[in-house]
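A.B. asks: Each chain, written out:
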Amino acid sequence: MSTVPMLALRNIEASYGPVTAIRGVSLEVPPGVIVALLGANGAGKTSILKAISGILKPTKGSIQLAGLRVDGLSPERIVNAGVAHAPEGREIFPLLTVHENLRLGAYIRADSEVAKDIDAAYSYFPELRQRARDMAGQLSGGQQQMLSIARSLLIQPKLLLLDEPSLGLSPRLTEEIVAIITRINREHGTTILLVEQNARIALRTASYAYVMEVGRIVLEGSSETLSEHQDVKEYYLGIKADSVRGEKRWKRRKSWN
Amino acid sequence: MQIVISGLAVGCVYGLIALGFVLIYKATETVNFAQGELMMIGAYFAYTMAELWHWPFLLSVLLAILATALVGAAIERVLLRPIEGEPTIAVIMVTLAIGMIARGVASAMPGWGTDTHHLRVPYQGGLVDLFQARLSMEHIVIVCSTAGLCLALFYFFRAAKLGLAMRAVSQNQLAAYYIGIPVSGTNARVWALSGGIAAVAGILMAPITFVHINMGSVGVMAIPAAVIGGFGSIPGAVAGGLILGLCESLAGLYLPEGFKDAAPHVLVLLVLMIKPSGLFADQIRKKV
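So the protein sequences, as listed, match chains A and B. Numbering-wise, the working numbering puts 30 at position 30 of the first sequence, and it's gapless, one number per residue. To convert a position in the second sequence, counted from 1, into the working numbering, add 1000.
Note that these hints are calculated values from the structure, not bench results. Be a bit skeptical, because a hint or two may be false.
Unchecked claim - Cross-link-like lysine to aspartate or glutamate pairs, in silico, EDC-like; alpha carbons within 20 Å at most:
| no. | chain 1 | residue 1 | chain 2 | residue 2 |
| --- | --- | --- | --- | --- |
| 1 | B | K1161 | A | E113 |
| 2 | B | K1161 | A | D71 |
| 3 | B | K1161 | A | E228 |
| 4 | A | K158 | A | D134 |
| 5 | B | K1161 | A | D111 |
| 6 | A | K57 | B | D1261 |
It should be emphasised that the depicted structure is a prediction, and the values quoted were computed from it without experimental measurement.
Construct the entire structure; sequences and hints are all you get.
C.D. replies: Okay, here's the thing in structure tokens:
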């Protein structure tokens, strides 16, 4: 890639106390592209996002945003640098209304376009508009997920970090969210790093993907390549390989081990 | 009627101090035992400017409120931020110590000392006849100022960006980080707001109890007020203060000597037995 990547991690290591969560991760996200980070529970995907947004301080390595180092900066400085993080789960403000949650999404902004952008966020998620005056804590899990994503859009990010947007959603809602993510990327040119356990969704949404296991990147490639990769198919997509020698799945070593 | 109004007036002061408690508690989960001393400092600031330096009364009041707000923010910045994340008991000890030190320093200050001082207010000794009752201006000013302040705070927390950010930080600190709210800076502002409110309480109280180094002991009454209101509820704190003030003055009128001081605490026990979460506890807890 000749252009400066929107996001570049070099040899990032991070730990929670004595527990090492990330062991030397390097990855790049080119501008305007959706890149996915795949992996099972506990692989360290969320820790990577936390390291990027400054919640978890890396012990080693560097993080660059459009060529500028951001590791070690405070979370609010990183948000101001154009990184929005829509965390997994329900990290919303339960006792504020949906509308107030969205207004706070624009906390760092001082321009007069905020009202217009809140309206745009509502048009992405019409369900939120209907519940604008309700307490966010009363929303369903799926709606809270939408609120978290909508709120991060109000930062007007250059780079959007999405953590498990499909978590706990029905297949229909998941489809909706995927469509919206694609629209956000297309309409605003927002660069997106998408963390997912659901490989099928991740590989369909992103054009490039990294696979993580126990704190390391074990595989990377374009979504087409990875979708055809034998081990990704078997372990992440659940498509059984026709093994010539009739090997048992649990005896076979993954190609990256 | 006089009894009711004077009860309400005292209750307003309790409520204002409780409000300061609750603001800090909600934002930082710290119980600030120096809240009463912040009130004392506010009253002393006003006394110094108005009486010792002969500055105009209103200017002195405004500057005293500002100065106390700065003291509040400084306490957060210098003393509490370094011990963020330490066990609650450590934080409580720090706030207790701040209270003791504040009293010590106040008694050593030239012009302050351990004497009882008089802060002359323009509305001193005024009486108003209303509904066949004779009300003192001091009480009316307390009730009206508290009502005004509560309205302003209500608007601030509802509509102002900083007010919303303060509520957001108190509800979900992590999410606040994610959208770029400077959490520590916001907490310092909560302390400043709390200090300012304490100063208002101190200045309102000054004409009735005079200015002395132990006037902060009414801070002890603010904790039960906050508990009755459901620790963590802002309107609850004010309501709790009013209930306690009323209860105290009515008990002083109808019950034998001595019950006046005990009655509010009996009420707290009753409330805790019947409704342990307090009368006005926030309804929704964060879903896990």
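A.B. asks: Are the hints correct? Go through all of them and say.
C.D. replies: Verification of the supplied hints:
1. K1161/B x E113/A: It holds: about 15 Å lies between the C-alpha atoms, which stays within 20 Å.
2. K1161/B x D71/A: 28 Å, violated
3. K1161/B x E228/A: 50 Å, violated
4. K158/A x D134/A: Between K158/A and D134/A the Cα gap is close to 30 Å, so the pair fails against 20 Å, i.e. violated.
5. K1161/B x D111/A: OK: K1161/B and D111/A at ~13 Å, within 20 Å.
6. K57/A x D1261/B: Answer violated: K57/A to D1261/B is near 52 Å, above 20 Å.
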